[in-house]
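In the order they appear, the protein sequences are chains U and V. Take the first sequence: its position 79, counted from the start at 1, is 79 in this note's numbering, and no numbers get skipped. Take the second sequence: its position 4, counted from the start at 1, is 4 in this note's numbering, and no numbers get skipped.
Among the hints, erroneous ones may be present.
In silico DMTMM-like cross-links for lysine to aspartate or glutamate, where the CA-CA straight-line distance does not exceed 25 Å [said to hold, decoys possible]:
| # | chain 1 | residue 1 | chain 2 | residue 2 |
| --- | --- | --- | --- | --- |
| 1 | U | K53 | V | E77 |
| 2 | V | K7 | V | E78 |
| 3 | V | K7 | U | E66 |
| 4 | U | K120 | V | E93 |
| 5 | U | K53 | U | E197 |
| 6 | V | K7 | V | E77 |
| 7 | U | K53 | V | E78 |
| 8 | U | K120 | V | D79 |
| 9 | U | K53 | U | D63 |
| 10 | U | K120 | U | E89 |
| 11 | V | K7 | U | D63 |
| 12 | V | K7 | U | E89 |
| 13 | U | K120 | U | D157 |
| 14 | U | K53 | V | D125 |
| 15 | V | K7 | V | D79 |
| 16 | U | K53 | U | E66 |
| 17 | U | K53 | U | E71 |
| 18 | V | K7 | V | E93 |
| 19 | U | K53 | U | E151 |
| 20 | U | K53 | U | E26 |
| 21 | U | K53 | U | D7 |
| 22 | U | K53 | V | E93 |
If you want the footprint, here are the derived chain V segments under chain U, 3+ residues with CB under 8 Å [as the list claims (entries may be wrong)]:
| # | region |
| --- | --- |
| 23 | 4-10 |
| 24 | 110-120 |
Worth flagging that the hints you see were computed from the coordinates, not collected in a lab. Being a predicted model, the structure only gives us computed values, none of them experimental. Cβ atoms here follow ideal geometry from the backbone N, Cα and C, with glycine treated the same way.
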Amino acid sequence: MRLTAQDLAVRRSGRRIFSGVSFALEAGEALMVTGRNGAGKSTLLAVLAGRLKPEAGTLTAHDVGEATLPECLHVVGHRDGLKSPLTAEENLAFARDLLGAPTASPRAALEELGLGHALKLPVAFLSAGQRRRVALARLLVCRRPLWLLDEPTAALDVASQGVLAGMMARHRATGGLVIAATHQALGLDGARELRIEPTGPEAPVSRDASSQDAVVGDVWW
Amino acid sequence: MVMRALKALVARDLALAARVGGSGALSLVFFLMIVAVVPFALGPDLNLLSRIGPAILWLAAVLATLIGLDRLFQADEEDGSLDLMTGAPVPMELVVLAKVLAHWLTTGLPLALAAPLFGLLVALDGTAMGATSLTLLVGTPALTFIGAVGSALTASIRRGGLILAVLVLPLMIPTLIFGVSASEAALGGTVPFTTPLAILAALSLIAGVVGTLAAAAALRWSE
Chain U
1 MRLTAQDLAV
11 RRSGRRIFSG
21 VSFALEAGEA
31 LMVTGRNGAG
41 KSTLLAVLAG
51 RLKPEAGTLT
61 AHDVGEATLP
71 ECLHVVGHRD
81 GLKSPLTAEE
91 NLAFARDLLG
101 APTASPRAAL
111 EELGLGHALK
121 LPVAFLSAGQ
131 RRRVALARLL
141 VCRRPLWLLD
151 EPTAALDVAS
161 QGVLAGMMAR
171 HRATGGLVIA
181 ATHQALGLDG
191 ARELRIEPTG
201 PEAPVSRDAS
211 SQDAVVGDVW
221 W
Chain V
1 MVMRALKALV
11 ARDLALAARV
21 GGSGALSLVF
31 FLMIVAVVPF
41 ALGPDLNLLS
51 RIGPAILWLA
61 AVLATLIGLD
71 RLFQADEEDG
81 SLDLMTGAPV
91 PMELVVLAKV
101 LAHWLTTGLP
111 LALAAPLFGL
121 LVALDGTAMG
131 ATSLTLLVGT
141 PALTFIGAVG
151 SALTASIRRG
161 GLILAVLVLP
171 LMIPTLIFGV
181 SASEAALGGT
191 VPFTTPLAIL
201 AALSLIAGVV
211 GTLAAAAALR
221 WSE
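Start from the sequences and build out the full structure, keeping to the hints where you can.
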């Protein structure tokens, strides 16, 4: 799958969040979306996920047949999409049946993330980091070419961050795409960086080049 | 694949309703509360009670339906499940249909099934009990579908329950009118039982179509 975005602009409740965001991702590539708090990183991910309509610009997914963009992606964000009264296994089984194209069983996915023991536990009993890991296990139970991750390492311990980096590397090796909004290095080798600058009367923010060791090749803004 | 996704949605919502904090039992208890309190307020006049009994049951059903409707889509909006459903290879209309069906199975259907029992409290005879139960069975889908539109519109508003009631209650009045008139027609009168019942069924079918489309549109355009 390939993804191109041209001149995206978003307005929420009358306020312009960002404009002129363009990028192109080839199979196997990763994009790190950076920017200050409130710059619109999560908004960009919501647009990609189909939850918000852009005011202007186009989003095109290539080589995906008849599927629409929201049907080609996984979202893991702050709102984790888990139901507290249901067990981790039930949550993952539901996601698998709903999204289609199943690959791994909920048990295998949870064991991959080191949560095999939590299979039969209601999600309400889990800690924030464990909940996040259950949400990340959703990435493994069914195959979707594009992963949208919003601060995926929030609340994760170092070991789990390593597991996530390994998952992303394997996903990209099989031609998958990763778009992550983040403030930290995620272990995404060769990821490009898209820095979202707030539009409006504020003074233009200077980019600090030292923040990420990213290749800022053909990313425009 | 579509059927599998819809089955998963219905099964999940039924499981959620059965666990702690499900709204199904709550609306049934609310229904019982209203029906149980009315005879105390009106006094022990059995003739009066049995005459207005169907109306009381229907009023209680309308109010009980409103309970729990506010969480129908709001809960999914809050925890991000709605993002998951947006990404499902299923049109939003079918997602709404599956969720409303599960909601009706846990609220509307128990009300209709419990109506004969609660009819005892308002001194209904056998015919009236059966008739009221049948009209509730036919009419409560309309209430749930109409409520789903309001629920979808207020999904992203915190504490939108009151706004929901204000939005939705006027639209439920035709269903209430024909529900009560069908129940009363069964007790005798000039109108045959089937006429208002057919109109009630028509209301449910119309609400099923319009409500599903409108709720899906509201969910799609919500921010």
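Evaluation of the provided hints:
1. A threshold of 25 Å between alpha carbons decides the hint, and for U:K53 with V:E77 the separation of about 17 Å falls inside it, so the pair holds.
2. Only pairs whose Cα atoms come within 25 Å are accepted, and V:K7 paired with V:E78 is accepted, the gap being roughly 22 Å.
3. Between V:K7 and U:E66, the direct Cα distance comes to roughly 23 Å. Compliance with the 25 Å bound is thereby established for this hinted pair.
4. Of the supplied pair hints, the one linking U:K120 and V:E93 is violated, its CA atoms being roughly 32 Å apart against a limit of 25 Å.
5. The suggested pairing of U:K53 with U:E197 holds, with an alpha-carbon distance near 19 Å, which does not exceed 25 Å.
6. Annotation: proposed proximity of V:K7 to V:E77 holds, straight-line Cα distance about 20 Å (limit 25 Å).
7. Taking the CA atoms of U:K53 and V:E78, the gap is about 19 Å. The hint holds against a cut of 25 Å.
8. Taking the CA atoms of U:K120 and V:D79, the gap is near 20 Å; set against the 25 Å cutoff, the hint holds.
9. Simply put, U:K53 and U:D63 have alpha-carbon atoms about 22 Å apart, close enough for the 25 Å limit, and the pair holds.
10. Proposed proximity of U:K120 and U:E89 is supported: the alpha carbons are some 6 Å apart, at most 25 Å.
11. Taking the CA atoms of V:K7 and U:D63, the gap is about 30 Å. The hint is violated against a cut of 25 Å.
12. Between V:K7 and U:E89 the CA atoms are separated by roughly 17 Å; this keeps the pair inside 25 Å, and the hint holds.
13. Straight-line distance between C-alpha atoms of U:K120 and U:D157 comes to about 22 Å, which keeps the hinted pair within the 25 Å bound.
14. Between U:K53 and V:D125 the CA atoms are separated by roughly 56 Å; this puts the pair beyond 25 Å, and the hint is violated.
15. With a CA separation close to 21 Å, the supplied pair V:K7 and V:D79 stays within the 25 Å bound.
16. As the CA atoms of U:K53 and U:E66 are separated by approximately 20 Å, the hinted pair is consistent with the 25 Å bound.
17. Restraint check for U:K53 and U:E71: the C-alpha separation of about 16 Å stays at or below 25 Å, so the hint holds.
18. Taken as a hint, the V:K7 and V:E93 pair is honoured in the structure, with Cα atoms around 15 Å apart against an allowance of 25 Å.
19. Pair hint U:K53 plus U:E151 holds up; C-alpha atoms about 22 Å apart against a cutoff of 25 Å.
20. With a C-alpha separation of about 23 Å, the suggested pair U:K53 and U:E26 falls inside the 25 Å cut-off, and the hint holds.
21. Simply put, U:K53 and U:D7 have alpha-carbon atoms about 13 Å apart, close enough for the 25 Å limit, and the pair holds.
22. Straight-line distance between C-alpha atoms of U:K53 and V:E93 comes to about 18 Å, which keeps the hinted pair within the 25 Å bound.
23. For the region 4-10 of chain V, the proposed coverage by chain U is satisfied: 5 residues have a C-beta within less than 8 Å of a C-beta in that chain, meeting the threshold of three.
24. Chain U is given as covering the region 110-120 of chain V, and this is violated because 0 residues of the stretch bring a CB closer than 8 Å to a CB of that chain, at least three being needed.
Taken one by one, the earlier hints fail for this structure at numbers 4, 11, 14 and 24, listed in ascending order.
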